[in-house]
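Peer 1: Chain A is fixed; fit chain B onto it per the hints.
Residue numbers (my numbering), protein chains in the order written: chain A, 653 to 1107; chain B, 653 to 1107.
There may be inaccurate statements among the hints.
No copy labels: a pair is met if it fits in one copy or bridges any two.
List of simulated lysine to any residue pairs, SDA-like, C-alpha gap at most 20 Å [claimed, not checked]: (1) Lys1086 <-> Gly833; (2) Lys779 <-> Glu724; (3) Lys745 <-> Arg730; (4) Lys779 <-> Thr1032; (5) Lys1056 <-> Glu746; (6) Lys1018 <-> Asp1089; (7) Lys659 <-> Ile902; (8) Lys906 <-> Leu662; (9) Lys745 <-> Glu724; (10) Lys752 <-> Asp727; (11) Lys659 <-> Arg730; (12) Lys906 <-> Glu665; (13) Lys816 <-> Lys849; (14) Lys709 <-> Lys780; (15) Lys745 <-> Gly807; (16) Lys940 <-> Asp677.
Source of the hints: derived by calculation from the structure; they are not laboratory data. Predicted model, so just to flag it, every value in this text is computed and none were measured.
Number of protein chains: 2
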Amino acid sequence: MNEIPYKIYLSEEEMPKQWYNVRADMKTDHQPILHPGTLQPVVLDDLTGIFCTELAKQELNREDRFIDIPGEILDFYRMYRPSPLVRAYCLEKELDTPAKIYYKFEGSNTSGSHKLNSAVAQAYYAKKQGLTGLTTETGAGQWGTALSMACAYFGLDLKVYMVKNSIEKKPYRKMVMETYGANVCPSPSNTTEVGRKILDEFPDTTGSLGCAISEAVETAVTTEKTRYVLGSVLDQVLLHQSIIGLETKIAADKYDIIPDILIGCAGGGSNFGGLISAYMGDKLHGKKAPYFIAVEPASCPTLTRGRYAYDFCDTGKVTPLAKMYTLGSGFIPSGIHAGGLRYHGMSPIISQLYEDGYIDEARAVKQTECFAAAVQFARTEGILPAPESSHAIKAAVDEALKCKLSGEQKTIIFGLSGTGYFDMLAYQEYNSGKMQDYMPTDEDLEKGFAALPKV
Amino acid sequence: MNEIPYKIYLSEEEMPKQWYNVRADMKTDHQPILHPGTLQPVVLDDLTGIFCTELAKQELNREDRFIDIPGEILDFYRMYRPSPLVRAYCLEKELDTPAKIYYKFEGSNTSGSHKLNSAVAQAYYAKKQGLTGLTTETGAGQWGTALSMACAYFGLDLKVYMVKNSIEKKPYRKMVMETYGANVCPSPSNTTEVGRKILDEFPDTTGSLGCAISEAVETAVTTEKTRYVLGSVLDQVLLHQSIIGLETKIAADKYDIIPDILIGCAGGGSNFGGLISAYMGDKLHGKKAPYFIAVEPASCPTLTRGRYAYDFCDTGKVTPLAKMYTLGSGFIPSGIHAGGLRYHGMSPIISQLYEDGYIDEARAVKQTECFAAAVQFARTEGILPAPESSHAIKAAVDEALKCKLSGEQKTIIFGLSGTGYFDMLAYQEYNSGKMQDYMPTDEDLEKGFAALPKV
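Just chain A, same shape as in the assembly:
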């Protein structure tokens, strides 16, 4: 066995040249997505008005286990990838744990997160199809930034609907996107029909990913040579994000690192689905695999307290319906700082894998606990994490402390999906002792469930 360095970087030759489509290996396929008008399973033609054609094909692909990554995308990946698999020696020492802790760090790019992995792919396919513009939504701003970077690179126009709550908490995010040439609009806005309708009904809303999606879709279908792209939830996004898990496993295998536990934060599922991809592939083939933990905010407990049901992906009910864990498309979570985890639903792939027991555990954690873990991590490992990623840190620390009690030398890998450099107002709130926790009551949740579509 080679000696394990602090950071494992793959060489360019070792980097994956194909994405892995976990859906092709799933024992039970997830239920098909449904047309919002007919409630019938969508076919390619239903999707190509909203999505780029190639991405629509990927969305419906359950045959190909591996899909070649086009050369232009590989070129872009090489600018900021591979991301390192890092041994958290200093955190281990601080916790005084016998556990070995590793993290896959996706924050070493200007978007500050894993989102760039799918953004560059989606922009590439749009450009190749001859489109001139894209629309999207963004919550925490990481996806919007990533897509702005990708659109600047490929020369595409971009309109970003950013959750109002996030714009207020992260003004710099908007400026970064604008620096990359994007047009950023707070959502809900009065630039769309659906936005106006939501504002009429909830004039004081701080917005949600669900609302912003509705607005972005409406703008895409009413603008020429323009399509809508989404940064999470969809199968195509999990496909692109499989690069995280593939790299992780290649790096770990190279040094005979066999994780006992794999931990990721889960909002719409893009980070978690990407991180677990290669190991989940093993599990689906009956091989030994780590214990998978998806971590979500207590304020938006989709997997831990949601229903597995058909629902709209957006608040305005203009998108197709997906069978997924959901809190109801009308559920607007409290204004916690992990904007990227404030989504009512969950990737249909992750939902099905969880339903079938392939994902071992979903865990909800409070934001003050997450920030405590984030600050501890920053002070020991140097990197200031994104509020989203701090959910995974919190769970990793808890698992490592369990090892301390039991004396077990477990190997833990968690996904450090991004950095918190644009989240300083959140840190300031935490540092000042003013941060609060939020948890929906059962009554709040029942209201969301009652509004689920009857399918």
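Peer 2: Using the frame of chain A, we list chain B on its own:
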């Protein structure tokens, strides 16, 4: 020759284990620093009241060419180093130049710059000496953030005097430092005698590095078990920063990359001095070396329009005097966004090397030109640069465009010393077309020169 990857990362074994002390190889040593009271060359005892003893020794060391990096510092370096040497393929394509452009990227850590290289060393020596606290100043906030990280890691108290102008332009910087446990105070402040004096004389001042240094020194010498540390200018800092140049040369040599031009931005000289270290060593030994270009802001043109003279390192005249290129310690530059380059003086080592012709060129550039280059770089290479680093980008782009005209295939390496994630208000100003350029008049400069101490 191996094929050149997008990013060259050294393995842990290839990383330097010693710093390089360029001063030991200089044909003409720089003039000694002088005690501010006696105007005699300082001896070790004069310095140990202000600086940690080991750092004071390094400051006076002109014998040892190489100094071992202590194991604890190497451990910390391994958390965020080596930094990559990156081939800017996309920028080359955008410029349509036959030049080969590389950049050494020092921004992949939470401090966002090269400053961490010296911060961890200085905090380590302080801890080892049994001190409990440090004081310092920060301009752009990169040094303060870096030192906050290092002090959090080693368990030291830290008081940071941050240039008022920078706090206003970069509020998030303060929050990051506070997250790492630092006590951040806007400078000039009324917490020190020298601060009160400066405020009396210039009540509307936006501050300067020179003022902040005076306050930090005063606080250090009046607080128990506390010393002052500085992020640039000093020989010890250039020693620690030599890690940048050593890594650069090892990586370049590995792939037979021979730079024709080496470009860095220069404020106090820590980044530039670090970047050129190993190649300057070659030059001092009579070997072939690249053409060295130091880039500074037109608003604070220390090398291009300053005097080579003895001067105080701070505005309050409490520090030792150094023979250096200077605009006068009373010179307060306009409020440009590259806070890290707003310093009246220049490292004595860099000054002497420039005076003796070992540094081939100093070049002053305007901030609007720098931001134009920064945005072009961000859109093509993905990384959003610090305003300071954009000075080097501007010069690199200009050199690459000269190659386009001449058809020469020169190899250019520049230092991308940091990221601009905390500088978004500056980018917003640029994006809105409201950014202005500043240049001191000859009269402004004469005023600074007239106040130079008579030594």
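Peer 1: For every hint, state whether the structure bears it out.
Peer 2: Hints, verified against the model:
no.	hint	in the structure
1	Lys1086 <-> Gly833	between (36 Å within a copy, 17 Å between copies)
2	Lys779 <-> Glu724	within (11 Å within a copy, 49 Å between copies)
3	Lys745 <-> Arg730	between (33 Å within a copy, 15 Å between copies)
4	Lys779 <-> Thr1032	between (43 Å within a copy, 16 Å between copies)
5	Lys1056 <-> Glu746	within (12 Å within a copy, 53 Å between copies)
6	Lys1018 <-> Asp1089	within (6 Å within a copy, 48 Å between copies)
7	Lys659 <-> Ile902	both (13 Å within a copy, 19 Å between copies)
8	Lys906 <-> Leu662	both (9 Å within a copy, 17 Å between copies)
9	Lys745 <-> Glu724	between (42 Å within a copy, 14 Å between copies)
10	Lys752 <-> Asp727	between (33 Å within a copy, 17 Å between copies)
11	Lys659 <-> Arg730	both (17 Å within a copy, 8 Å between copies)
12	Lys906 <-> Glu665	both (13 Å within a copy, 17 Å between copies)
13	Lys816 <-> Lys849	within (16 Å within a copy, 45 Å between copies)
14	Lys709 <-> Lys780	within (14 Å within a copy, 61 Å between copies)
15	Lys745 <-> Gly807	between (47 Å within a copy, 14 Å between copies)
16	Lys940 <-> Asp677	within (16 Å within a copy, 59 Å between copies)
Going down the numbered hints, you'll see the structure goes against none, and every one checks out.
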